[in-house]
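Same order as they appear, the protein sequences are chains A and U. Counting in my numbering, the first sequence runs from 1 upward without gaps. Counting in my numbering, the second sequence runs from 1001 upward without gaps.
Don't take each hint at face value.
[Stated by the list, open to error] Here are the simulated distance ranges between beta carbons: (1) U:E1055 x A:G272: 38 to 44 Å; (2) U:T1051 x A:P124: 52 to 58 Å; (3) A:T248 x U:E1021: 45 to 51 Å; (4) A:A33 x U:L1273: 32 to 38 Å; (5) A:V206 x U:A1135: 47 to 53 Å; (6) U:T1051 x A:E177: 40 to 46 Å; (7) U:A1135 x A:L273: 23 to 29 Å; (8) U:G1034 x A:D262: 51 to 57 Å; (9) U:S1028 x A:P124: 49 to 55 Å; (10) A:P176 x U:D1246: 19 to 25 Å; (11) U:T1103 x A:M1: 58 to 64 Å; (12) U:G1014 x A:P176: 25 to 31 Å.
Don't read these hints as lab results, they were simulated from the structure. Where a beta carbon is used, it is the ideal one built from N, C-alpha and C, also for glycine.
Protein chains: 2
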Amino acid sequence: MTLIDCHQLAPSVGDLAGNQELALAAISQSAAAGADLIVLPELTTSGYVFTDPEEARASSVTAADPRLAAWATAAGGAVVIGGFAELGADGRLYNSAAVLDRTGLRAVYRKLHLWDQEKLFFTPGTEAPPIVTTAFGRIAVVVCYDLEFPELTRAISLAGADLIAAPTNWPLAQRPEAEHAGVVGIAMATARVNHVAIACCDRTGVERGQPWTEGSCVIDQDGWLVATPDERGLVRAELDLTRSRDKTMTSLADAFSDRRPDVYSRLAQAYGLTG
Amino acid sequence: MTLIDCHQLAPSVGDLAGNQELALAAISQSAAAGADLIVLPELTTSGYVFTDPEEARASSVTAADPRLAAWATAAGGAVVIGGFAELGADGRLYNSAAVLDRTGLRAVYRKLHLWDQEKLFFTPGTEAPPIVTTAFGRIAVVVCYDLEFPELTRAISLAGADLIAAPTNWPLAQRPEAEHAGVVGIAMATARVNHVAIACCDRTGVERGQPWTEGSCVIDQDGWLVATPDERGLVRAELDLTRSRDKTMTSLADAFSDRRPDVYSRLAQAYGLTG
């Protein structure tokens, strides 16, 4: 069993020092509790609601920044996945997520699908999300809006991810009473069709007038919510990640071997699609 | 606005005459109410829980069968989508769905993803689901388990479907209290990520000990349920199908143009996937 903690923090725009305090406190708390995987929100280091590119740049750090290394140190034996505003070696800004463990920085992922005004501040990534083999399984990382693109989550699942960690900042949206947030419903369905565990770490706090969904959750391989935030914004779940490696549903049904790649490869042509 | 009716019928195995009565009564009722689209369950003509291939064969009909033509006649000006056990010209059995309108049979779709024991009775299809241009928009048809394969529903949506009609027979499965059935959640998420309307027509009645989800629903382009069965098993919704043609969410976000086909085309290679 793997102990997973998601911390629904409230970073503030531009407050690198304060945000680092929040992150380190959360990571230390989880490490002390024996967590194996610790997930922090999207853009934990920088906050989200920038007014202009200069403000985003002032809040960005490189992947080699000692702040990220300090996350790894605080985590002890745990794996940390968290979002940060990345200043690339190319001078561009990326909405990125780091995967860290006791050996340091294992991977950096640059968000492929930038949501709305993020396009004014960040450059989209160009590389496939990493799937990192850790002491606690094969951990993939995507960021927020990425979850809404089944092309990506399907490929990650087919590639053998045991868990998809998704740092998010989900702006609050209207929904019918008694329904999960749309973004949560998408994550649940993604887990279910792919028989893969998903851990979403949303943020909280109203930032420059923007409220958030506060939809952090750990979802099992059947697509059900196994944990949502407690009063402190902590989501804690114990999950058997090895279940993600078995895609069978009955003796005659298997979510992956029932796929029809022979047909999928012909769909674009059948429908006259390009790109 | 398009008036959509789904009839959650209870066909009986092998009772072709009785099942035809059920179907015609449902279609006539909807036609009288001015429905534009009428959706019937999977395998409406034959029932579902076969004991052996011979029983399935005895319940199968060709796509040219006058029973299907009678559906079109009863529908008046409406479009009918319904499932039937098809005897192909090749002598094989298919779990198929017909799309009919006042001009007759518009398309036949053979289910690509056979669920569980269906594999003992049916041959899977090999062709892309049809997207039929009708008086009420571009109507795609898939059957039941097909909905759990995002490769298919994504391609259908990219191809410009206004509505995905899904005849289903959803076996009842356990779920946490207060949650939608997993299959309904998948349909809702599919509608939401693709900004496409979906109409699922499930069946009812316990057949040879098998209870059903009774999850029939019409889902709007935001992924919300707009209609579920009334006490008669009728799902009726009025929906603006033209909304499926607009994939924008904000002035800077669009579910389709935000896709990254440049990256998707490299994912299989990046992850070392084949097929």
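How the hints compare with the structure:
At about 40 Å, the CB distance of E1055 of chain U to G272 of chain A agrees with the hint of 38 to 44 Å. Checked against the hint of 52 to 58 Å, the C-beta distance between T1051 of chain U and P124 of chain A comes to roughly 55 Å, which is consistent with it. Range check, T248 of chain A to E1021 of chain U: about 39 Å between beta-carbon atoms, so the 45 to 51 Å window is missed. Here the CB-CB span from A33 of chain A to L1273 of chain U is close to 36 Å, well matched to the stated 32 to 38 Å.
Look at V206 of chain A against A1135 of chain U: about 48 Å separates their beta carbons, and that is inside 47 to 53 Å. The supplied range of 40 to 46 Å is met by T1051 of chain U and E177 of chain A, whose beta-carbon atoms lie about 44 Å from each other. Separation of A1135 of chain U from L273 of chain A is about 25 Å and conforms to the stated range, judged on CB atoms against 23 to 29 Å. Our hint of 51 to 57 Å for G1034 of chain U and D262 of chain A is violated, since their Cβ atoms are close to 42 Å apart.
Separation of S1028 of chain U from P124 of chain A is about 53 Å and conforms to the stated range, judged on CB atoms against 49 to 55 Å. At about 21 Å, the CB distance of P176 of chain A to D1246 of chain U agrees with the hint of 19 to 25 Å. Our hint of 58 to 64 Å for T1103 of chain U and M1 of chain A holds, since their Cβ atoms are close to 59 Å apart. A beta carbon spacing of about 41 Å between G1014 of chain U and P176 of chain A contradicts the range 25 to 31 Å that was offered as a hint.
When the structure is compared with the earlier hints, violations turn up for hints 3, 8 and 12 and for no others.
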